[in-house]
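Undergrad: Residues per chain are reported as follows:
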Amino acid sequence: MPTKVHVQMRLNGEEVDFLCEPRQSVLEVLRDVLGLTGSKEGCNNGNCGACSVILDGVLVNSCCVLGVETSGREVTTIEGIASPDGLHPLQQKFLEHAALQCGICTPGFIVAAKALLDKNPHPTEHQVRYWLAGNLCRCTGYDKIIRAVLDAAQTTEAKA
Amino acid sequence: MAESATYKVIGTRPIRHDGVDKVTGRAIYGADVQMAGLLHGKVLRSPHAHARIRSIDVSRALALPGVKAVVTSADLPPAEDRTIQLGEGGVNLKYLSHNILAGDKVLYKGHPIAAVAATSPHLAEEALALIQVEYEVLPPVLDVREAMQDDAPLLHDNLKTTSLGQDTDKQSNIATHTQFKVGDVEKGFAKADIVIEREFTTATVHQGYIEPHNATAMWNPDGQLTIWESTQGAFTVQRQLAPVLGIPVAQIRVIPAEIGGGFGGKINLYLEPIAAVLSKKTGHPVKVLMNRAEVFESTGPTPGSYIRVKMGATKDGRLIAAQAYMAYEAGGYPGSPIGAGMMCIFTPYDIPNVLIDGFDVVVNKPKTAPYRAPGATNAAFAAETVVDELGEKLGLDPLQFRLRNAAKEGMRRPDGPTHPRIGYLETVQAALNSDHYRTPLEGPNVGRGVASGYWFNVGLQSSVSINVNADGSVTLVEGSTDIGGTRASIAMQAAEVLGLKAEEVRPIVADTAGVGYNDVTGGSRTTFASGYAAIEAAHDVLRQMTERAARIWKIEPQDVSFGDGVFRNAKEPDQRLTFKDVAAQLGRTGGPLTGRATVAPRGVGGAFATHIVDLQVDPETGKVTILRYTAVQDVGKAIHPSYVEGQMQGGAVQGIGWALNEEYFYTDKGVMANASFLDYRMPTSLDLPMIDTILVEVPNPGHPFGVRGVGEVPIVPPVAAIANAIYRAVGVRMCHSPMSPGLVMTEILAKG
Numbered sequence: 001m002p003t004k005v006h007v008q009m010r011l012n013g014e015e016v017d018f019l020c021e022p023r024q025s026v027l028e029v030l031r032d033v034l035g036l037t038g039s040k041e042g043c044n045n046g047n048c049g050a051c052s053v054i055l056d057g058v059l060v061n062s063c064c065v066l067g068v069e070t071s072g073r074e075v076t077t078i079e080g081i082a083s084p085d086g087l088h089p090l091q092q093k094f095l096e097h098a099a100l101q102c103g104i105c106t107p108g109f110i111v112a113a114k115a116l117l118d119k120n121p122h123p124t125e126h127q128v129r130y131w132l133a134g135n136l137c138r139c140t141g142y143d144k145i146i147r148a149v150l151d152a153a154q155t156t157e158a159k160a
Numbered sequence: 001m002a003e004s005a006t007y008k009v010i011g012t013r014p015i016r017h018d019g020v021d022k023v024t025g026r027a028i029y030g031a032d033v034q035m036a037g038l039l040h041g042k043v044l045r046s047p048h049a050h051a052r053i054r055s056i057d058v059s060r061a062l063a064l065p066g067v068k069a070v071v072t073s074a075d076l077p078p079a080e081d082r083t084i085q086l087g088e089g090g091v092n093l094k095y096l097s098h099n100i101l102a103g104d105k106v107l108y109k110g111h112p113i114a115a116v117a118a119t120s121p122h123l124a125e126e127a128l129a130l131i132q133v134e135y136e137v138l139p140p141v142l143d144v145r146e147a148m149q150d151d152a153p154l155l156h157d158n159l160k161t162t163s164l165g166q167d168t169d170k171q172s173n174i175a176t177h178t179q180f181k182v183g184d185v186e187k188g189f190a191k192a193d194i195v196i197e198r199e200f201t202t203a204t205v206h207q208g209y210i211e212p213h214n215a216t217a218m219w220n221p222d223g224q225l226t227i228w229e230s231t232q233g234a235f236t237v238q239r240q241l242a243p244v245l246g247i248p249v250a251q252i253r254v255i256p257a258e259i260g261g262g263f264g265g266k267i268n269l270y271l272e273p274i275a276a277v278l279s280k281k282t283g284h285p286v287k288v289l290m291n292r293a294e295v296f297e298s299t300g301p302t303p304g305s306y307i308r309v310k311m312g313a314t315k316d317g318r319l320i321a322a323q324a325y326m327a328y329e330a331g332g333y334p335g336s337p338i339g340a341g342m343m344c345i346f347t348p349y350d351i352p353n354v355l356i357d358g359f360d361v362v363v364n365k366p367k368t369a370p371y372r373a374p375g376a377t378n379a380a381f382a383a384e385t386v387v388d389e390l391g392e393k394l395g396l397d398p399l400q401f402r403l404r405n406a407a408k409e410g411m412r413r414p415d416g417p418t419h420p421r422i423g424y425l426e427t428v429q430a431a432l433n434s435d436h437y438r439t440p441l442e443g444p445n446v447g448r449g450v451a452s453g454y455w456f457n458v459g460l461q462s463s464v465s466i467n468v469n470a471d472g473s474v475t476l477v478e479g480s481t482d483i484g485g486t487r488a489s490i491a492m493q494a495a496e497v498l499g500l501k502a503e504e505v506r507p508i509v510a511d512t513a514g515v516g517y518n519d520v521t522g523g524s525r526t527t528f529a530s531g532y533a534a535i536e537a538a539h540d541v542l543r544q545m546t547e548r549a550a551r552i553w554k555i556e557p558q559d560v561s562f563g564d565g566v567f568r569n570a571k572e573p574d575q576r577l578t579f580k581d582v583a584a585q586l587g588r589t590g591g592p593l594t595g596r597a598t599v600a601p602r603g604v605g606g607a608f609a610t611h612i613v614d615l616q617v618d619p620e621t622g623k624v625t626i627l628r629y630t631a632v633q634d635v636g637k638a639i640h641p642s643y644v645e646g647q648m649q650g651g652a653v654q655g656i657g658w659a660l661n662e663e664y665f666y667t668d669k670g671v672m673a674n675a676s677f678l679d680y681r682m683p684t685s686l687d688l689p690m691i692d693t694i695l696v697e698v699p700n701p702g703h704p705f706g707v708r709g710v711g712e713v714p715i716v717p718p719v720a721a722i723a724n725a726i727y728r729a730v731g732v733r734m735c736h737s738p739m740s741p742g743l744v745m746t747e748i749l750a751k752g
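Line order of the protein sequences matches chains A and B.
Quick note: the first sequence, position 19, residue 19 per our numbering, numbers continuous.
Quick note: the second sequence, position 31, residue 31 per our numbering, numbers continuous.
Where hints are given, some of them may not hold.
To be clear about the criterion: a stretch of chain A counts as covered by chain B if any three or more of its residues have a C-beta under 8 Å from a C-beta of chain B, and this derived list gives those stretches [claimed, not checked]:
| # | stretch |
| --- | --- |
| 1 | 43 to 52 |
| 2 | 75 to 88 |
Counterexamples of contact, computed for chain A against chain B with all Cβ distances above 10 Å [claimed, not checked]:
| # | residue |
| --- | --- |
| 3 | E15 |
| 4 | L19 |
| 5 | V65 |
| 6 | E96 |
| 7 | N120 |
| 8 | G134 |
| 9 | Y142 |
Hints are computed from structural coordinates only; laboratory data are not their basis.
Glycine included, C-beta positions come from ideal geometry on N, C-alpha and C.
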């Protein structure tokens, strides 16, 4: 009896297919099957947000979704945020504002912030804090992260 | 001592060299390591807080298809009962080894007992359930004061108290009793016009780094062992592993991956020896990762504590006597940061009579690990609350009271050393002058609190080498794990000396085979000490480059000068060569050029911080909301101000979590009931305002650029500052942390 399931989906704009065990989460599939280790495991139960990905436009913790559930759907990970032209404004602003220290939570924050700006390009400070409350950072105290996201929103606005 | 009053690189805010890798997901952390033939390890941990192990049967686990090996403490060499020095402190090898894989006893829930290597992590986990362990369950002791009682259950059969430096025959959970004494505290209290005494307790809290512990090991048949992992100190791992595994240091290569936070918690060995012996048994590389519950139950935490503080002052507002009784939980094995707590508790003040007694006590909790200014936050919570109360009773502004009693250069610390040039007064003055402190706070149930804190810095040992490239850029090879931007802060110091831009220095964190010895990233030492090494290595580069320029000009090196990135011929003022010009001619003037430095700098500067917090207490629920927060700190000289601010903000917020929410909840059986990020509640972005920072720069005379370590002291004042603010808001003195809503409510109701 085969132990693995064949899944086809879109990952960061490309069609991919893979084999995974039914019990493997999207996070495990990304990291261990597809080799995309930018999404991080901090808690494996949806409390830290380090594994945040965008699934069909919705921000999810990839540790809480099964790999087989992505069949026919579209996933965006931290590896799909920058473009060949360069960094996404969020990535650039995180660097300029020194909004990371150890960096382990950074991919999750950037993916989560992207999902916010896609939905609400002009968030207030409170809206940013509310949206990012599902992402834990232990190094920065959040101050510089919030500033980076607000600044990126302005930059994106200026570009648009 | 300062090399120059005006800097070109220092004090600027370049983008960190490792930044792009970290915002794109490309940076490789310990858990991201992949290799061919990799097996996955999982660890079986004790379900009991205190038990004797009668037997372990691994046969059923080994029979599971896909399982390649099972190990227990029998697979480690017999542990020697001796202490090895690891820079920041000593480690007893027997305790270290038994904490990695239990001997005949388990001393806390989560204590490792055995480990499995299998072809997938899920299989390894299934195999754990097949290992049969027979226990004789013993009563646990979970509180420091209970553990100190004569009739308490004993954790160790052979632990006898060392009291005031003398071995005793007393079998006890008290590992050590130490004392600091200045003057005569009884005479001091007799002269005091006002004396306050209070008791404080603090709960066990965790460092809370987001990245769980990890280790991947490959033990080759020739005995060469390679470890890939996230650690605060690759050399410290190497140095501890050698005696634990019984192999020479040179057989071990530790390759540090990027590290997802540490705060002191990623210094001790946990998984490395397990991965190593699993690899030795299987002949494959083995990766072992902890999950979050394992991190909470088996690593860290920082001690719960009991502290009694008595302080006396005269009517004119002078502190005259201070006494502390401090008992810290070490966890299952001796070694709490009690000594550091004792060294910090009264150090911000000039007090003629001081008596401090400290006790290191084992309890059935995980062996504690350093956590950012280890021991100092507990101590400051107690002392700074009593200082606040004394000031209030004397009718003095809390900052003015601190100003009047502040320690200054040349004064003796209670633990012996004399203060060098320190900036404590300056932080209090800056707090007094801050917009925050001068803005009145109004509203119902609001309060403003202040507190100060002290934490020393350590120097220890660092090595740096700098390779000059043909285009005049340089590669800087260092061995300090970069947890928060130290590649940048170290590279910037070399750039300043060499007259280069920060971007023209490429800093690389090498493994234990690629750079000279480096102690841990800890003790607020990295930017200070590895920065010191970078400066010295840069001077070595300049000395050699000067010789090359002299060779090109056929003059003596002493006739060559260097400034603003240009070498000049003193004899022919028109002759000049840029750094790049000389670099381009290295091949023709003697070959490749590497500057080196190994340092053990002694001129460490102590670090002081003063914090101001405004908060509001909900009188219906006891919930505390932080309204405004300002952290003031003497940073010596900020090399990269953004990352200095970041340390201050991050430390303050960890302190806020400690003060308001974070604690280990134990069942009476000693099982942690909240071993998840959902139930162990660390601050989120929604819980906080912006954290304002004021950088006070009183240069440390012991560093060429005046650097002080900035990483740790910001966690010292917040708990006390918040307690003092709650008092101002609702009139209750909080003497237990965390000051969770239920506890605050209880105090409000008791006050009536």
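Undergrad: A separate judgement is required for each hint: does it hold in the structure or not?
TA: Verification of the hints:
Interface restraint, the stretch 43 to 52 of chain A with chain B: holds (6 residues with C-beta to C-beta distance below 8 Å; minimum three). Note: the stretch 75 to 88 of chain A has 6 residues with beta-carbon separation from chain B under 8 Å; the three-residue rule is met and the coverage holds. Distance check for A:E15 against chain B: the nearest CB is about 21 Å away, which clears 10 Å, and the non-interface claim stands. No Cβ of chain B approaches the Cβ of A:L19 within 10 Å, the least distance being about 13 Å, so the stated non-interface status holds.
Chain B leaves A:V65 outside its interface by the beta-carbon criterion, the shortest separation being 17 Å against a cut-off of 10 Å. Not every CB of chain B is more than 10 Å from the CB of A:E96 (nearest about 7 Å), against its label as outside the interface. Listed as a non-interface residue, A:N120 keeps its Cβ farther than 10 Å from every Cβ of chain B; the least gap is roughly 16 Å. A Cβ of chain B approaches the Cβ of A:G134 within 10 Å, the least distance being about 8 Å, so the stated non-interface status is violated.
For A:Y142, the requirement that its beta carbon stay farther than 10 Å from each beta carbon of chain B is not met, with the minimum near 4 Å.
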